[in-house]
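Chains F and G, in that order, give the protein sequences.
Here numbering that gives the first Met the number 0 is used: the first residue of the first sequence is 0, the next is one more, and so on.
Here numbering that gives the first Met the number 0 is used: the first residue of the second sequence is 0, the next is one more, and so on.
These are computed hints drawn from the structure, not numbers from a lab.
We put the beta carbon where it would ideally sit given N, CA and C, even for glycine.
Some hints here could point you the wrong way.
[To be verified] Okay, the calculated beta carbon distance ranges per label pair:
(1) G:Thr32 to F:Glu214: 28 to 38 Å
(2) F:Asp295 to G:Ser130: 39 to 49 Å
(3) F:Ile316 to G:Glu38: 52 to 62 Å
[To be verified] Taking lysine-lysine and the DSSO-like style, the derived pairs with C-alpha atoms no more than 30 Å apart in a straight line are:
(4) F:Lys199 to G:Lys47
(5) F:Lys6 to F:Lys199
(6) F:Lys9 to G:Lys147
(7) F:Lys6 to F:Lys209
(8) F:Lys267 to G:Lys124
(9) F:Lys205 to G:Lys124
(10) F:Lys199 to G:Lys99
(11) F:Lys6 to G:Lys47
(12) G:Lys124 to F:Lys230
(13) F:Lys201 to G:Lys124
(14) G:Lys48 to F:Lys9
(15) F:Lys209 to G:Lys99
Listed below are the residues making up each chain.
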Amino acid sequence: MAITSIKNLKEFSTNNDRFEGAHTLCPGCAHSMIVRELMNCTDDNLVISSNTGCLEVSTAVYPFTSWDTSWIHIGFENAATAVSGAEAMHKARKKKGTLKDNDAPVKFVAFGGDGSTYDIGFQWLSGAVERGHDFTYICLDNENYANTGGQRSSATPIGATTTTAQAGSHSYGKKEKKKDMVAIMAAHGAPYVAQLAPNKWKAMAKGFQKALETEGPCFINTVSPCCTEWKFDPKDTIGITDLATDSLMFPIYEIIDGHELNILYRPKNIIGVEEYMGAQGRYKHLFKPENRHIIDKVQQDVNEYWDYLQRREEARI
Amino acid sequence: MQDLNLLANDNRGQTDLGNSSSLVGWDEVTQGTILQSFEGDATGIAQKKAEERSYSTFSSYTATVASWRVKKPVFNIDVCIDCQNCWVWCPDSSILSRDKQMLGIDYDHCKGCEVCVEVCPTNPKSLLMFSEYTPLDEALSQWPEKKKKEEK
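The following block holds chain F by itself, in its conformation from the complex (with noise of 0.2 Å):
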């Protein structure tokens, strides 16, 4: 097992880049910082799929790649069903003992959209956990599908405003609450699902190198926040990476075997959703007065999440 130590930052950092730079996504784009934190993570071979998506677009321009490693793109919804095949054929063929090199450890790895996750390849991903193929499927959530100019996604939460659910005079952005989606994903009895943020890192790439250990089909949503469509200034990745895990809007845990529930991150001083929302663009029609009654919402609605959870890590179910 090739998996590198990550004691601290500077022991990561010693890790050889595997993901190139030039590629087009936005200058501050949160995708590649979890990317390139998945392929230092780990020494193994990775064979990895994207879904159509930002990911995909930016990194493959033609006659340029910035993978370092077997990297395919097929079609929107299929990432899972690409890998699982590889995977599959992999098996087959280390058994009959046609491998180049039969005992070098290979890591199969799927990155999608919240997009291609939530709505396009949802079933896809569920039939690949289903049949129990070993492979690792990361959604980089961005809350929208921003590559084709940020429409509203099963994973925008409620408030939000995007271009097919815009606010105005008579609507307050989407109305419909984001869809639970590692939930999902646990209930399928997938050995390891989590839900991570690049501002922990450590968290995260202890989070990635167990779902790559782990055998059969493993889970991890990251919120992956877009200057472009959150609408913020591209230097405040980081820190509206934090404003989202200290307000509990995206609470960081891991569920193993579909009951065992960890959390992973405790905030010292947990802050309210309003000064998450109030950091950006997309959540500025709810300060007005005729809506606030929606943060108060979204509020009441991250307490029950986060009660919800802890109970759920006390009692093991």
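Assemble the complex: chain F is given as a structure, and chain G must be docked to it using the hints.
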């Protein structure tokens, strides 16, 4: 180093398709493209540092996005404590860290997003943004003094 924007209409890799004047059948068309990131064997690439690797012209390492930048980060080695915060959060793999030490910035791949300046914990910051046209020694001579804690 080639500018990524100028190469958008480049058709390298398509030479096999373009030469024949007669149309090819549906079953003769090559589906998709394979881009090799490295020249020759890529075994054990994770153990090699970027300068030891033999990148092919298809790897985006050989391209540059320097023209995206309006401001550039400047690194002051005298203040740096090698915490590597900038390394872990740089979205463009542009922080050159070797043997636990921060050496500098890869200006070919930096887009000037300023994330590294924000996460720098030293006082004064060891990374600061300057205009793209400020020479490095001029930028270093303008470095601010250590800020004292404000009295409460």
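Okay, the hints, checked on the actual structure:
At roughly 33 Å, the beta-carbon separation of Thr32 of chain G and Glu214 of chain F lies within the given 28 to 38 Å, and the hint holds. A C-beta distance of roughly 45 Å is found between Asp295 of chain F and Ser130 of chain G, which places it inside the suggested range of 39 to 49 Å. For Ile316 of chain F and Glu38 of chain G, the Cβ-Cβ distance of about 54 Å falls inside the hinted range of 52 to 62 Å, so the restraint holds. At most 30 Å may separate the alpha-carbon atoms for a hinted pair to count; Lys199 of chain F and Lys47 of chain G meet this at roughly 27 Å.
Between Lys6 of chain F and Lys199 of chain F the CA atoms are separated by roughly 14 Å; this keeps the pair inside 30 Å, and the hint holds. Pair hint Lys9 of chain F plus Lys147 of chain G holds up; C-alpha atoms about 28 Å apart against a cutoff of 30 Å. Using a Cα cut-off of 30 Å, the hinted pair Lys6 of chain F and Lys209 of chain F holds, with the two alpha carbons roughly 15 Å apart. For a cut-off of 30 Å, the pair hint linking Lys267 of chain F to Lys124 of chain G stands: about 26 Å separates their Cα positions.
A C-alpha spacing of about 29 Å is found between Lys205 of chain F and Lys124 of chain G, which places the hinted pair at or below 30 Å, so the restraint holds. For the hint pairing Lys199 of chain F with Lys99 of chain G, the CA-to-CA distance comes to about 20 Å; that is within 30 Å, so the pair holds. With a C-alpha separation of about 21 Å, the suggested pairing of Lys6 of chain F with Lys47 of chain G holds against the 30 Å cut-off. Distance check on the hinted pair: Lys124 of chain G and Lys230 of chain F sit about 26 Å apart at the alpha-carbon level, within 30 Å; holds.
At most 30 Å may separate the alpha-carbon atoms for a hinted pair to count; Lys201 of chain F and Lys124 of chain G meet this at roughly 23 Å. Distance hint between Lys48 of chain G and Lys9 of chain F is fulfilled; the C-alpha atoms sit about 16 Å from each other, no more than 30 Å. Taking the CA atoms of Lys209 of chain F and Lys99 of chain G, the gap is near 24 Å; set against the 30 Å cutoff, the hint holds.
Violated hints: none; the structure is consistent with every hint.
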